[in-house]
Amino acid sequence: MEKSLNEILNGRKAALYIRVSTDAQYEEGYSVDAQKQKLEQYCNLKDVTDYEFYIDGGWSGSNIDRPEIKRMIAEIKDGKVGAVIVYKLDRLSRSQKDTISLLEEVFNPNDCSFISLNENFDTTTSFGKAVVGILSVFAQLERENIRERTRMGMHERVKSGCWMGGGRVPFGYDYDANKDILVPNEHAEDVRQIFDLYLQGYSTTQLAKMFDVAGDRHITNILDRVTYLGKINFNGEIIDGRHEPIIDEQTWNAVREERRKRSTKGMVTSSYLLTGFVYCGKCGARMRYQKWGKDGLKIYCCSQQHSRPEFVVDPDCDNLKLDACDVEDAVIKDLFNYTRQNKRIDRSLNVKASALQTLKQKYDVVSGRIKRLYNLYAAGGDDILLETINENKNELAEISRQIENEKKLSAVVNDLNEKNKTIATIEDSWNSMSIKDKRKAIGICIERIEITDTKISIKYAF
Numbered sequence: 033m034e035k036s037l038n039e040i041l042n043g044r045k046a047a048l049y050i051r052v053s054t055d056a057q058y059e060e061g062y063s064v065d066a067q068k069q070k071l072e073q074y075c076n077l078k079d080v081t082d083y084e085f086y087i088d089g090g091w092s093g094s095n096i097d098r099p100e101i102k103r104m105i106a107e108i109k110d111g112k113v114g115a116v117i118v119y120k121l122d123r124l125s126r127s128q129k130d131t132i133s134l135l136e137e138v139f140n141p142n143d144c145s146f147i148s149l150n151e152n153f154d155t156t157t158s159f160g161k162a163v164v165g166i167l168s169v170f171a172q173l174e175r176e177n178i179r180e181r182t183r184m185g186m187h188e189r190v191k192s193g194c195w196m197g198g199g200r201v202p203f204g205y206d207y208d209a210n211k212d213i214l215v216p217n218e219h220a221e222d223v224r225q226i227f228d229l230y231l232q233g234y235s236t237t238q239l240a241k242m243f244d245v246a247g248d249r250h251i252t253n254i255l256d257r258v259t260y261l262g263k264i265n266f267n268g269e270i271i272d273g274r275h276e277p278i279i280d281e282q283t284w285n286a287v288r289e290e291r292r293k294r295s296t297k298g299m300v301t302s303s304y305l306l307t308g309f310v311y312c313g314k315c316g317a318r319m320r321y322q323k324w325g326k327d328g329l330k331i332y333c334c335s336q337q338h339s340r341p342e343f344v345v346d347p348d349c350d351n352l353k354l355d356a357c358d359v360e361d362a363v364i365k366d367l368f369n370y371t372r373q374n375k376r377i378d379r380s381l382n383v384k385a386s387a388l389q390t391l392k393q394k395y396d397v398v399s400g401r402i403k404r405l406y407n408l409y410a411a412g413g414d415d416i417l418l419e420t421i422n423e424n425k426n427e428l429a430e431i432s433r434q435i436e437n438e439k440k441l442s443a444v445v446n447d448l449n450e451k452n453k454t455i456a457t458i459e460d461s462w463n464s465m466s467i468k469d470k471r472k473a474i475g476i477c478i479e480r481i482e483i484t485d486t487k488i489s490i491k492y493a494f
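Residue numbering for the sequence shown follows the numbering used here, beginning at 33 and increasing consecutively.
Treat the hints with care, as some may be off.
[As the list claims (entries may be wrong)] Taking lysine-lysine and the DSS-like style, the derived pairs with C-alpha atoms no more than 27 Å apart in a straight line are: (1) K109 x K35; (2) K120 x K68; (3) K70 x K112; (4) K491 x K293.
Please keep in mind that the hints were generated in silico from the structure rather than gathered at the bench.
Using the sequences provided together with the hints, build the complete structure.
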């Protein structure tokens with residue numbers, strides 16, 4: 033048995049929606065008063081007394097960007113409206129897409145019925161609900177068709193080297209809609225610096241603090257975007273773009289290798305000092321620790337571990353197995369000797385970083401001067417004063433730009449000083465470090481260790 037409209041409303045009100053877009057509609061019987069009358073008659077017939085009019089006068093039905101329909105939608109979502117009633121379906125919208133969207137995304141999820149008097153369209157009945165279901169199926173089919181046509185058209189665009197469109201333009205580029213290509217902007221140099229500094233050893237977290245980006249994940253996206261190489265990634269397919277590359281191929285490949293190395297290092301959570309840093313000098317595979325006897329520990333090539341074929345580079349590798357303690361002692365001794373000869377706190381960088389304080393003081397002086405000039409201008413209105421004010425404002429803008437650059441430099445200096453401090457103090461503080469701190473210090477100082485039989489070669493990061 034069908035419920036009455038009052039039962040469906042269940043304490044909520046009915047929204048009587050009215051729209052009139054042109055004066056001509058008054059002559060067609062669609063005037064506000066005419067619609068009001070018919071809607072009130074329907075409510076009286078159904079014994080509905082709690083209702084409210086929502087009237088958009090002079091608004092087109094081509095979209096739902098209308099003040100009263102927005103208010104009505106908000107109240108539906110707040111649970112205040114239990115049914116929407118219109119005189120004619122096109123009063124709600126002339127767009128089938130918008131109508132279906134309202135039904136699927138606003139009315140149905142919020143248990144709000146919809147009734148159109150002229151078409152006898154009533155979702156309070158089983159038949160009305162079935163009609164909505166049928167409309168939704170056809171609407172979904174049309175959306176899929178549109179999506180497929182759009183995808184095919186987009187693929188053809190990208191195959192010709194054009195950018196996919198204006199949305200989600202990569203950092204460092206602007207979108208030229210007339211030429212359908214990306215154009216490097218003022219942040220292109222920032223992108224180059226991000227790539228260069230990453231290769232110098234800076235982390236994504238450190239770089240995020242140095243540049244105007246949305247966190248370290250944004251830095252990661254920048255480093256992994258093939259767009260900067262002049263290419264376009266479309267659904268996993270790499271296509272040559274018509275836009276100007278910001279990064280050269282050599283830098284791109286170097287960053288790829290660095291990303292791979294850091295990813296592998298980041299996965300290493302070991303209590304062994306050199307895990308993740310040691311490579312076989314014969315076949316290039318990683319070397320690992322292995323317990324030997326009761327208390328012994330060896331370092332050997334992973335190519336010799338046939339139970340883990342994914343790590344094997346050369347199954348015939350005959351590199352020697354070395355005592356882990358002997359290898360660690362040799363590496364630590366060489367590290368101390370190397371850092372002793374390369375203690376290099378950069379005094380010039382520290383001096384340059386102090387310019388930030390000078391610029392801030394200069395900013396305050398110019399800012400105060402502008403305030404005084406404005407007071408004088410307010411008192412006298414002299415046009416020469418206004419010209420002077422504009423000159424000082426331009427100077428202030430330039431100082432602001434220099435301050436931002438100095439802040440970035442300060443971040444670089446702080447990171448360099450931290451690295452330099454590690455290099456300068458590693459020998460003295462080594463015995464008091466935890467294994468975690470020792471591994472971190474080695475990661476700052478050493479890029480790679482290669483072992484060829486009894487020969488140990490160390491590539492330092494500075």
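Each hint tested on the structure:
About 22 Å separates the Cα atoms of K109 and K35, which keeps this hinted pair within 27 Å; it holds. A distance of roughly 12 Å separates the Cα atoms of K120 and K68; the hinted pair therefore holds under the 27 Å criterion. A C-alpha spacing of about 23 Å is found between K70 and K112, which places the hinted pair at or below 27 Å, so the restraint holds. In summary, the hint linking K491 to K293 is supported, as the alpha carbons are separated by about 14 Å, within the 27 Å threshold.
The structure agrees with every numbered hint stated previously.
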